[in-house]
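Each chain, letter by letter, is given below.
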Amino acid sequence: MPTIEIDYDDLQTLIGRHVPLDELRDKAILYAKGEIESVDGDMLKIDIKDTNRPDLWSAEGVAREIAGRYGKPGIPEYKVKKPTLTVRVDPKVSNVRPYTVCAVVRGLNIDDNMLSQMIQLQEKVSETFGKKRHEVAIGVYDYHKIKGPIRYTTVKPEGIKFVPLEFEKPLTPKQILEQHPKGKEYKHLLDGCPEYPIFIDSAGEVLSMPPIINSNHTGKVTAETKDVFIECSGFNLEWNKSALNVLIAALADRGGKVEGVRVVYAKGNKINKTLITPDLGPKKFSVKPSDIIRLLGLKLTTKQMVNLLEQARYSARTSGSKIDVLYPAYRQDIMHWRDVAEDITISYGYENIEPAPPQLATTGKELETEISSRKIAGVMTGMGLQEVLSYMLTNKDNIFRKMNVKEERAVEIENFISVNWSVFRTWLLPGLLEFLSGNKHIEYPQKVFETGNAITPDPAQETKTKDARKLACAVSSTVVGYEDITSIMDGLLSSLGVKYQLKTRTHPSFIQGRTAAVVVSGIELGVVGEINPAVLNNWGLEKPVAAFELDLEKLLDKP
Amino acid sequence: MYRLTDEGRQYLEKGLPEINLVRALDKPLSVEKARSMVENFNIALSWSKKNGWVKLEKGNIILVKRPGKPPEQDGLELMSRNELPDKRTLRTLINRKLVEEEREDIVKKAQKLVGKEITNLTPELIKTGLWKKTKLKPYNVTATGNKIYAGKRQPYNQFLDIMRSKLFSMGFEEVRGQSIITEFWNFDALYQAQNHPSRDWAQTYSLKYPKEGKLPDSKIVKQVKATHENGWKTGSSGWGYKWDEKKAARLMPIAHDTALSPVTLASKELKVPGKYFQIVRCFRPDIIDATHGVEFNQMGGIVIDRELNFRNLLGLLKEFVTETTGFDKVRFRPDYFPFTEMSVEVSAKHPDMGWFEVAGAGMFREELTNPLGVKDPVMAWGFGIDRLAMMKLNIKDIRELFSKNLDWLRKSSVLMG
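In order, the protein sequences belong to chains A and B. Count along the first sequence from 1, then add 2; that gives the number in the numbering used here. So in the numbering used here, spot 159 of the second sequence is number 151, and the numbers just go up one at a time.
Some hints here could point you the wrong way.
Not the full set, but computed from the structure, chain A residues with beta-carbon under 7 Å of chain B [as the list claims (entries may be wrong)]: (1) 49; (2) 51; (3) 362; (4) 388; (5) 419.
Some residues of chain B that are not near chain A, with every Cβ distance over 12 Å (derived) [to be verified]: (6) 21; (7) 42; (8) 62; (9) 63; (10) 69; (11) 93; (12) 158; (13) 161; (14) 260; (15) 286; (16) 296; (17) 386; (18) 402.
Keep in mind that the hints were calculated from the coordinates and are not lab data. Heads up, the beta-carbon is just placed ideally off N, CA and C, and yes, glycines get one too.
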């Protein structure tokens, strides 16, 4: 969820009236699905919960949503003047970064608030909505430093030189990717491209190399800038249109005059036509009041719904048994009548809805595995053992090397944060030994157990893996041995009414001649014995340990 | 000193009952017949069976093996000559009440203590009644004995079991979780577009091995694909992109409990009306600190019926929160989840801490339910259960839920509910 910073006074100016802070916190901000995280002087830190509403990620968007419920209902109108500027899209971009949409906004009076909001919105949209610039990258330029028409084309990595933002020397695109901080940060987005995308004007001045960096000359916006050229580029045309609309609506809300740009896709591009962007015309939808009443359980009249929609910045009117709505072009999230229903509900206020618990006759039912795990834990604790709980993620060193067993295939994480937690446990006993190794200073004897899932590869399953419920138990003391652990295991298995046999086994984690397999109905379900001193050394344990581990899935399958 | 009891003398004279039984078994005998022939028949049968000499088959007693002279017989004979048998035999004879300790010895032992102030009350004193002639020394009763650490359930597990029992009492059925799942269930079936920021709603782990799983029933896959691409028959416009089956088949550690809800909805065993819940160990690549563990648990579920509305959802949540947290002030606010519309954030008011977020919930979108073959409305909810557990267990650091400290576990008190 995006967190944005907004100046409190600026927000009130944009709303067009004073909203006391308490009221903003408890009521007004909810209309923008926001939560005030902190207040530092005039600066509000706000979490916007909706990750699919980039239009809400700026002071302008938040204000727009609040203003609808504070005296400025209805759909905001945005006029787009006829284009004077042309952007020609070279087919060479189609395999690199195929789409761009652009706009010009004139007559801006850029102050600190506006500038910081513009930068913040641009950053949030390209990072979150644009998937870290992959899907959408945004450039804003000083219009007067550009000589149209602009070409969106590609160049060889060393085919041109320009001064990137905040640098002094001209560099080739290749050098930018190697030397500029933004180049290093985003260069993976151009991996494998034989040529890099650039915007270049008719004077041969480079505007930018998307999605990496603007040029220092044209791509710098300051308080002196009055008119701007904006472009969005990426792989999905619709998303770039949405991103552009969000940015332009915010600037228009600050008094900017929007002017279209002719974006000409020549033959050979993914599309072959001329787009006039931005398209800020409202979009149409229609909803059935009966659907909404059934979904909400609220007896709203059609007239009430129309009012609530207007407050949510729609334009709404009844048309037979339906309500026809127009919604603003910056809303790209409306896919279904439910999305409209939600806006009605938010205008209505969740706090005004009387909860009505559903009356359903259903019967609670427990899971077999949980019932048996609980019963087993009951018997184990009855014998004085302490239950512990470990993470399922561990590492190969713990489950294989330290246990003196050969490495097997385990379920492994690719993008782990720490190698300590990079593999799913295949058995539970290593977790118990780790636990004991962390408690050497605590009074002995120590007797612990754990029930939980271990995961192993299993090609027969839909997930190619299998979760199996297991039980492990370990006891440690200055004097402890085979009889101590078998008597605990016998106490458990007799209580469960399980008939079992012990068969001599060797297992590298245990001492040879003091290890047995636990056999139930001819199937080996586990191992019991004294832990191999080599394993004790690996874990830094200084007292003997006797232990067992059982597969509960198979054990409890047996009649 | 030891002596033969009356019963012991009787057996010495007439022979052990089990030997008498074996002797009578020239051929198999019915139980009734044998009972009439052998004195102390029940004892005879029990010991001869235990020794593996006879077996019972269809009401007949059959000789399995003819025994030699049993040690008990030797023991009785030795006793009659005032000699002691070996310890093991002596113990058996005492247990069978064929030999007893001489009463005179008991009295002698007890009399040594008469008139004294004594610490330990002995069996001899109790049997002879001579305790009346002793004084039992008073103790310092304010001191406790040696520390015993009772075996206990792990506190977090205690908490989860309490949650479970509350949900059962509210008519919920538990669904079994899984640790590894395809992206299909974790994302696609929940209507999270494959390349849309809503997929980034939570950063997730991917697997190095195994990498790819199997997708479910092809009808469901086709419908999910169509819904993502163009809305299918759900009344939605869809996300408008090309859905990739290969991406959906990728395996990942389960990132949120809600991933199990579409599995439940697609199941042939789905009941309507139905209430289901799951407690799931979830995995996300968070940097680990006091509020982010290596792993965390989520508890969530669904309610399905022919008619359910948003007011019902709020009603259920209010009941839930009051039941599970014990706090009766509950607040609802708009929220966002890619798979629900409406979505709601649920907070409860803690008497000291004030409002805190307990749960997120909403009504599942048609884009989720319809492709799975579900036409009825479904409410979905999920609890931030780790946070609730930390409050109940008075823990400040989330890592302590999986405490590695034996001392803390030993000293922790049992959760009462």
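Can the hint on residue 49 of chain A be confirmed by a CB-to-CB distance to chain B that is less than 7 Å? 11 Å, violated
Residue 419 of chain A as an interface hint toward chain B, with CB separation required under 7 Å: This interface hint holds because 5 Å falls under the 7 Å limit.
Taking the closest pair, is the beta carbon of residue 21 of chain B still more than 12 Å from chain A? It holds; residue 21 of chain B is separated from chain A by about 31 Å at its closest Cβ, greater than 12 Å.
Could you let me know if the closest chain A CB is still more than 12 Å away from the CB of residue 402 of chain B? Answer for residue 402 of chain B: violated, closest chain A Cβ roughly 6 Å.
Over 12 Å from every CB of chain A: does residue 161 of chain B meet that, or does the non-interface label fail? It is violated; residue 161 of chain B is separated from chain A by about 6 Å at its closest Cβ, not greater than 12 Å.
With chain B as the partner, please determine if residue 388 of chain A meets the hint condition of a C-beta pair closer than 7 Å. Status holds, d = 6 Å.
Hint status (Cβ of residue 51 of chain A to nearest Cβ of chain B, threshold 7 Å): Check passed: Cβ of residue 51 of chain A comes within 5 Å of chain B, closer than 7 Å.
With d taken as the least Cβ-Cβ distance between residue 386 of chain B and chain A, does d exceed 12 Å? Holds: least Cβ distance 17 Å, greater than 12 Å.
Would you say residue 158 of chain B is clear of chain A, with no C-beta pair closer than or equal to 12 Å? 10 Å, violated
Minimum Cβ separation between residue 63 of chain B and chain A greater than 12 Å? 26 Å, holds
So residue 62 of chain B supposedly isn't at the interface. Is its beta-carbon more than 12 Å from every beta-carbon in chain A? 29 Å, holds
Verify this label for me: residue 42 of chain B is non-interface relative to chain A, using a Cβ-Cβ cutoff of 12 Å. 19 Å, holds
Comparing the model with each earlier hint shows violations of hints 1, 12, 13, 15, 16 and 18; every other hint is respected.
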